[in-house]
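Chains as they are written, first to last, in our numbering: chain G, 459 to 756; chain Z, 459 to 756.
It should be emphasised that the hints constitute simulated quantities derived from the structure, not laboratory data. Hints are not guaranteed to be accurate.
One copy or two, it doesn't matter: identical chains are merged, so the pair holds either way.
In silico lysine-lysine, BS3-like type, Cα no more than 27 Å apart, as pairs [what the hints assert, rightly or not]:
1. Lys641 / Lys607
2. Lys468 / Lys641
3. Lys544 / Lys728
4. Lys544 / Lys468
5. Lys468 / Lys726
6. Lys540 / Lys742
7. Lys741 / Lys606
8. Lys726 / Lys641
9. Lys742 / Lys544
10. Lys607 / Lys468
11. Lys728 / Lys468
12. Lys468 / Lys488
13. Lys606 / Lys544
14. Lys540 / Lys726
Protein chains: 2
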Amino acid sequence: MTASVIENLKVVIVGLGLIGGSIARGLVAKQTGARVVAVGRNEAILQKALDDGAISSYSTDITQACKDADLVVIAVPSLTVKHILKELQPVLASHTVVTDAASVKGEVIESVTEVFGCVPENFVPGHPIAGSEHSGYSASSADLFEHKKVILTPLENTRQSAHELVQNFWELLGAQVISMSVKHHDEVLAATSHLPHLLAFALVDTLSRQGESEEIFRYAAGGFRDFTRIASSDPQMWHDIFMANGDATITVLDEYIEGLYRMRTAIKDKNSDELMSTFIRAKKSRDIFLEMFSAKRK
Amino acid sequence: MTASVIENLKVVIVGLGLIGGSIARGLVAKQTGARVVAVGRNEAILQKALDDGAISSYSTDITQACKDADLVVIAVPSLTVKHILKELQPVLASHTVVTDAASVKGEVIESVTEVFGCVPENFVPGHPIAGSEHSGYSASSADLFEHKKVILTPLENTRQSAHELVQNFWELLGAQVISMSVKHHDEVLAATSHLPHLLAFALVDTLSRQGESEEIFRYAAGGFRDFTRIASSDPQMWHDIFMANGDATITVLDEYIEGLYRMRTAIKDKNSDELMSTFIRAKKSRDIFLEMFSAKRK
Numbered sequence: 459m460t461a462s463v464i465e466n467l468k469v470v471i472v473g474l475g476l477i478g479g480s481i482a483r484g485l486v487a488k489q490t491g492a493r494v495v496a497v498g499r500n501e502a503i504l505q506k507a508l509d510d511g512a513i514s515s516y517s518t519d520i521t522q523a524c525k526d527a528d529l530v531v532i533a534v535p536s537l538t539v540k541h542i543l544k545e546l547q548p549v550l551a552s553h554t555v556v557t558d559a560a561s562v563k564g565e566v567i568e569s570v571t572e573v574f575g576c577v578p579e580n581f582v583p584g585h586p587i588a589g590s591e592h593s594g595y596s597a598s599s600a601d602l603f604e605h606k607k608v609i610l611t612p613l614e615n616t617r618q619s620a621h622e623l624v625q626n627f628w629e630l631l632g633a634q635v636i637s638m639s640v641k642h643h644d645e646v647l648a649a650t651s652h653l654p655h656l657l658a659f660a661l662v663d664t665l666s667r668q669g670e671s672e673e674i675f676r677y678a679a680g681g682f683r684d685f686t687r688i689a690s691s692d693p694q695m696w697h698d699i700f701m702a703n704g705d706a707t708i709t710v711l712d713e714y715i716e717g718l719y720r721m722r723t724a725i726k727d728k729n730s731d732e733l734m735s736t737f738i739r740a741k742k743s744r745d746i747f748l749e750m751f752s753a754k755r756k
Numbered sequence: 459m460t461a462s463v464i465e466n467l468k469v470v471i472v473g474l475g476l477i478g479g480s481i482a483r484g485l486v487a488k489q490t491g492a493r494v495v496a497v498g499r500n501e502a503i504l505q506k507a508l509d510d511g512a513i514s515s516y517s518t519d520i521t522q523a524c525k526d527a528d529l530v531v532i533a534v535p536s537l538t539v540k541h542i543l544k545e546l547q548p549v550l551a552s553h554t555v556v557t558d559a560a561s562v563k564g565e566v567i568e569s570v571t572e573v574f575g576c577v578p579e580n581f582v583p584g585h586p587i588a589g590s591e592h593s594g595y596s597a598s599s600a601d602l603f604e605h606k607k608v609i610l611t612p613l614e615n616t617r618q619s620a621h622e623l624v625q626n627f628w629e630l631l632g633a634q635v636i637s638m639s640v641k642h643h644d645e646v647l648a649a650t651s652h653l654p655h656l657l658a659f660a661l662v663d664t665l666s667r668q669g670e671s672e673e674i675f676r677y678a679a680g681g682f683r684d685f686t687r688i689a690s691s692d693p694q695m696w697h698d699i700f701m702a703n704g705d706a707t708i709t710v711l712d713e714y715i716e717g718l719y720r721m722r723t724a725i726k727d728k729n730s731d732e733l734m735s736t737f738i739r740a741k742k743s744r745d746i747f748l749e750m751f752s753a754k755r756k
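Sequences and hints are given; from them, build the entire structure.
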């Protein structure tokens with residue numbers, strides 16, 4: 459893994475939020491030698507990034523910025539991806555590799571197919587698993603992707619050189635890159651990310667509907683704070699995710715609700731054995747997860 | 459608030475786990491001048507606490523230790539409280555104040571009533587909201603109760619001097635003490651603590667039932683780790699809590715499941731407005747909670 463892979467390449471980052479901003483800062487910190495151009499709508503933020511030294515230049519004109527790009531990274535909210543693709547379609551050079559960072563890959567593939575008529579060989583769908591309940595350029599950091607996983611979901615016709623470029627790009631930023639199918643990605647993420655966010659949003663919402671919600675929150679402790687941290691995430695982003703990955707989320711949500719009813723029955727029947735075995739199994743699984751999680755950060 | 463309130467008093471801590479151990483360490487750290495005697499079954503742990511200087515002495519004979527105590531703090535798992543009360547009943551002196559630390563107060567009141575025939579005037583039910591996913595004496599610390607809330611649920615006949623002693627005791631340890639009714643305590647805790655724990659146990663259990671659970675955990679990120687932290691809590695303790703506070707937990711669980719179905723419908727119907735308004739409302743509530751939580755720790 460060397461910086462030379464993208465040295466002197468023109469990398470255009472479309473969208474300078476948490477992800478785009480962190481990519482820009484990371485590329486500078488790693489001294490990759492890439493020429494990084496940011497595209498966005500908010501000129502104050504673009505200028506801030508330029509002042510920070512996070513980018514080489516910026517533009518509010520996406521077609522102008524991308525027409526001679528070597529790599530375009532689309533880092534905008536999921537539902538804005540299609541709009542960006544439409545602007546890119548007429549100007550993309552045949553050598554330009556394009557990737558994205560959206561959380562739901564099935565929908566991106568649909569959008570690309572709709573706009574391009576097929577998925578171009580040099581389009582490599584990607585998803586950095588590096589979210590945060592904070593958003594925007596101000597929350598970005600050079601090491602956001604260090605030791606994080608990035609999942610790529612190349613298609614059968616994806617050009618290998620494009621796949622490799624995008625893989626190397628993320629590895630330069632410190633990430634561990636895995637490739638899998640689009641469908642599998644969306645199912646795994648529904649279970650590990652989309653469902654937990656839904657549960658946290660629902661819990662806070664349920665409690666805040668109670669007449670005495672302020673008092674209830676007053677007695678909540680650290681466990682509640684951690685449990686609901688993800689409910690502070692960007693509503694627009696999560697709206698887009700559930701609009702895009704509804705089917706996979708509902709499948710795992712239904713399994714979860716079934717599990718809740720099992721526990722409800724065990725509590726109602728004071729079924730001591732069932733409660734103990736469930737809690738022991740859950741603690742064991744969670745402790746195994748924690749070990750894996752700690753191990754991968756070493 | 460001065461240390462003199464319990465200076466020279468004999469304080470017996472029954473059960474030297476996370477809570478009991480932290481009380482002992484806290485009383486020493488605050489130089490309260492109390493004579494702290496620990497009662498437990500595991501002599502190695504008791505000896506360790508003596509070596510640590512956390513207690514003045516220890517005993518494995520509860521009746522012997524408690525018969526001339528000024529304050530007895532019962533800090534054993536919920537379902538063991540009744541057993542302890544039975545042992546205490548014949549030997550308690552009339553001046554001895556008794557309190558407990560169990561998470562469900564309704565059940566403690568039932569146990570006390572069953573054992574004593576009524577709730578004695580000098581019994582002050584209490585609950586320090588200072589849990590952790592770690593348990594046992596080894597996880598205890600002198601500052602566990604600093605800036606934490608302790609809820610007392612005195613009854614109509616509770617002697618005011620007993621109530622005050624227990625309140626002062628917890629304040630000495632750095633806690634903020636609030637009093638409320640038994641029923642209200644159990645409802646609030648069902649919503650803010652028991653339900654979230656149930657949801658986390660259920661999530662980890664649902665995922666671990668999936669064939670590819672190891673792979674699923676592999677791609678889980680920080681949000682999942684935080685969301686499920688409480689699923690690593692002590693299974694026995696949580697078993698006891700759900701056995702004891704089943705009705706209140708089921709009430710709020712049913713409201714929660716209703717909320718999940720509302721969100722399921724919104725996702726299925728791609729009801730953009732409903733999703734956005736729920737997420738915005740949840741984020742707002744959660745951010746307000748976070749402010750309250752930060753403020754109370756200052």
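Okay, the hints, checked on the actual structure:
1. For the identical chains of this complex, Lys641 and Lys607 are intra-copy neighbours only, at 18 Å inside a copy versus 47 Å across copies, given an alpha-carbon limit of 27 Å.
2. For the homomeric pair Lys468 and Lys641, neither the shortest alpha-carbon distance inside one copy (31 Å) nor that between copies (65 Å) is at most 27 Å.
3. In this assembly of identical chains, Lys544 and Lys728 lie within 27 Å of each other by CA distance solely across copies; the values are 23 Å between and 58 Å within a copy.
4. Taking the shortest alpha-carbon separations for Lys544 and Lys468, only the intra-copy value of 21 Å comes in at or below 27 Å, while the best inter-copy value is 78 Å.
5. Taking identical chains as interchangeable, the C-alpha atoms of Lys468 and Lys726 are never at most 27 Å apart, the minima being 62 Å within one chain and 41 Å between chains.
6. For a Cα distance limit of 27 Å, the shortest separation of Lys540 from Lys742 qualifies neither inside one copy, at 42 Å, nor across copies, at 29 Å.
7. With identical chains, the CA atoms of Lys741 and Lys606 are at most 27 Å apart both within one copy (24 Å) and between copies (25 Å).
8. When the C-alpha separation of Lys726 and Lys641 is checked against a cutoff of 27 Å, the pair qualifies only between copies, where the shortest distance is 18 Å, while the shortest distance within a copy is 38 Å.
9. Taking identical chains as interchangeable, the C-alpha atoms of Lys742 and Lys544 are never at most 27 Å apart, the minima being 48 Å within one chain and 34 Å between chains.
10. Taking the shortest alpha-carbon separations for Lys607 and Lys468, only the intra-copy value of 24 Å comes in at or below 27 Å, while the best inter-copy value is 56 Å.
11. Taking identical chains as interchangeable, the C-alpha atoms of Lys728 and Lys468 are never at most 27 Å apart, the minima being 64 Å within one chain and 38 Å between chains.
12. Proximity of Lys468 to Lys488 under the C-alpha cut-off of 27 Å is restricted to the intra-copy arrangement: shortest distance 16 Å within a copy versus 62 Å between copies.
13. Within a single copy, Lys606 and Lys544 get their C-alpha atoms no closer than 30 Å, and across copies no closer than 54 Å, so neither meets the 27 Å cut-off.
14. Proximity of Lys540 and Lys726 under a CA criterion of 27 Å is satisfied inter-copy only: 21 Å between copies versus 49 Å inside one chain copy.
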